[in-house]
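With chain A's structure known, arrange chain B on it following the hints.
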Amino acid sequence: MANNTTEILVGNVFLDTPFFGEITYGNLLAAIVIIIATYVIAKVISVVVMRVLAGKVEINNSTFLAKLVRWGVYFIGIVAVSPFLHLDFSGLMVAGGIVAIAIGFASQNTLSNFVAGVLLMFERPVGVGDNISVNGNEGYVEDIGILSTTIRTYEGIFVRIPNESMFSSNITNYVAHIARRFDFNIGIRYSDDADKAIKVIKEVIEKHPYALKSPAPSVYVDELGNNSINLKVRIWSPSGFWWDVRTDMLWKLFQALRKAGIDIPFPQLTLWYGEETPKPPKVTKGSGFSPQEVLGKSEASPENAVKETK
Amino acid sequence: MNMALKILHSGGRKKERETVTYEHDNGSDLKQFAYGKFPIDYAVNFEGLNLAVDLDRGMYHYRRALGDWKTEINISVNGGHMLIHPVEPLNLPDNLTDFMEIRFDPIKIEPSGICVIFVTMPIEIGVFLESPSGSTDIVDIVSYVYPKYSLYGGANRGVVTRFNESKVYYYPPAMKNYEAGLLKLEIENRSDEWATVGKAVIFQKGLYLYFDEKFVAASAEMKIISPDVAVVTGVDTPIRQGMTRSYRLFKNRKLSPFYNVPGMLNDTAYTMDMGLI
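Which chain is which? The protein sequence lines are A and B, in order.
Number 310 marks the last residue of the first sequence (the working numbering); no jumps.
Number 1277 marks the last residue of the second sequence (the working numbering); no jumps.
For the record, the hints were derived by calculation from the structure and aren't laboratory data.
Watch out, some of these pointers could steer you wrong.
Unchecked claim - Negatives, chain A to chain B, calculated, CB over 10 Å:
1) Ile-35
2) Gly-77
3) His-177
4) Lys-202
Stated by the list, open to error - Derived Cβ-Cβ restraints for the label pairs, each shown as a range:
5) A:Thr-63 / B:Thr-1196: 47 to 55 Å
6) A:Tyr-154 / B:Asp-1228: 25 to 33 Å
7) A:Ser-169 / B:Asn-1074: 49 to 57 Å
8) B:Gly-1048 / A:Ala-216: 29 to 37 Å
9) A:Ala-216 / B:Ser-1112: 28 to 36 Å
10) B:Asp-1094 / A:Ala-106: 32 to 40 Å
11) B:Asn-1074 / A:Ala-216: 39 to 47 Å
12) A:Thr-110 / B:Gly-1154: 39 to 47 Å
13) B:Asp-1094 / A:Asp-183: 20 to 28 Å
14) B:Ser-1226 / A:Asn-109: 32 to 40 Å
15) B:Trp-1069 / A:Ile-198: 40 to 48 Å
Beta carbons: idealized from backbone N, C-alpha and C, even for Gly.
Here chain A stands alone, though its shape is the one from the complex (with noise of 0.2 Å):
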């Protein structure tokens, strides 16, 4: 017991005896392990700063933030180190933070978008190829940087989106889920069937690849129009073919409904004066579209509706 007292009296006098100046050998065996502690947890955090970002930010900006928080912990190490080196920053401190507030306020814009931008690599709202729309502007994500956000429009012109302006606007973000809904809202005659026409809309959205399965297609008369029955289709599709299968799909619903006599009207007003006789409705030269085909069989014989006058 005595010997082990004794080992660590000469222990903490080895410690207080100085070393250079006012440094004594506990100061720098204290700074060196603090020394070694900040690079290792430096180098810890990076790496998992690294790895939390991994496929989801670009790998420069994923690096920048590494090398950004590697340094933010080298600085707090120096701060934790100073005082066992008796090194006063406390002059440099002042001076340094005058300097910060000038620049803070020189370069206010340029910070709120990069803390804009750091937080919107953790939220991920967007990421590098989605379609989205933010600020009116539509278009693909080309890059999501460090201060700001770049994406191409559908007409290949290239937008610049200040991070800032990014995380508080609202954003749409047309890829985010892996399937989307469309719809068509389809008019027929009154003359023709409906179900009829409803069972050709849902053959043709069977034979499309992409019209999905599940969730089901949906196909319904959703209005008694003035000129037309209103037939609403609803169509699932994977995001990223949406829009190739509503191209695809209007048109070939179109034929469908055209080769099983189904027609579109034209938005028509038939007038009637007194007893006058009902005439036979004329056609525009051209139209390519015969009486019955433009108006259907009801409107083509008002009779029943003159009785209701009468």
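Same frame as chain A, now just chain B:
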């Protein structure tokens, strides 16, 4: 050749063994497609599919037609072989998904019960070229089956799947090996409740296709954890002896690592946690 198959029979924890006879072996006269490894200038004329490789002034020309669907490719290779193998039906018209979904008539399975069923799945035909050095690459993929896709789960966290409907068979039925393959599915209910299963979702890497002169087949296991959750794992085993393993197409595709695919436990096991019917 002994065409019998030992399968695990339905009914509780006890696994009985039963001999199953293939419908093909009882005199089915279905015309079957010849898969395999052929000389590079091999030609196919089968059920509307015309395929040939011609050598013209040192350059090979690959030509294929199935109805109006035609492809021509120039190939520079110094000899080699043509491989025509069945491939997983996940390539046409585009590499949209890595999952295949098979829906079948729902089956109720007792707690701790096991059953083996056979369902059909669509097949695509892959044409590969193997250079004299042994390097293989896909040249063309063709299919007699029109593709259809679906969504398993919700739009927010589900997966797009290649969709197929099938009857449930308790024996391997006869089928056209150029249109459909067999999937032997061993379903085990590990939960303490009755479960109803009407679909299976399988990841591409878990589809180990094997073929012989009459069948294209794969195997999978479905372990039901709760009445709404099951893990489906592909099994790298032929359903009978003497089958050849198909060339694996996923090597030519850039598949996401399994840990980036929601629901994947490893390269071949997918967790169906969005319903089993």
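Hints, one by one, checked against the model:
For A:Ile-35, the non-interface assignment is confirmed: its Cβ lies about 36 Å from the closest Cβ of chain B, beyond the 10 Å cut-off. Its beta-carbon lying about 34 Å from the closest one in chain B, A:Gly-77 satisfies the requirement of being farther than 10 Å from that chain. In this structure A:His-177 is not separated from chain B by more than 10 Å, as the shortest Cβ-Cβ distance comes to only about 4 Å. No beta-carbon of chain B comes within 10 Å of the beta-carbon of A:Lys-202; the shortest separation is about 14 Å.
Our hint of 47 to 55 Å for A:Thr-63 and B:Thr-1196 holds, since their Cβ atoms are close to 51 Å apart. Between A:Tyr-154 and B:Asp-1228, the C-beta spacing of about 41 Å breaks the proposed range 25 to 33 Å. A:Ser-169 and B:Asn-1074 have their C-beta atoms about 50 Å apart, which keeps the hinted 49 to 57 Å range intact. The hint said 29 to 37 Å for the Cβ distance between B:Gly-1048 and A:Ala-216, and at roughly 32 Å that hint holds.
In this structure, A:Ala-216 and B:Ser-1112 meet the distance hint of 28 to 36 Å, their C-beta atoms being roughly 34 Å apart. Separation of B:Asp-1094 from A:Ala-106 is about 51 Å and departs from the stated range, judged on CB atoms against 32 to 40 Å. Take B:Asn-1074 and A:Ala-216: their Cβ atoms lie about 44 Å apart, and the range 39 to 47 Å holds. Between A:Thr-110 and B:Gly-1154 the CB atoms are about 40 Å apart, so this pair conforms to the stated range of 39 to 47 Å.
Separated by about 24 Å at the C-beta atoms, B:Asp-1094 and A:Asp-183 satisfy the suggested range of 20 to 28 Å. A C-beta distance of roughly 53 Å is found between B:Ser-1226 and A:Asn-109, which places it outside the suggested range of 32 to 40 Å. For the pair B:Trp-1069 and A:Ile-198, the beta carbons lie near 30 Å from each other, so the given range of 40 to 48 Å is not met.
Hint violations for this structure: numbers 3, 6, 10, 14 and 15, all remaining hints satisfied.
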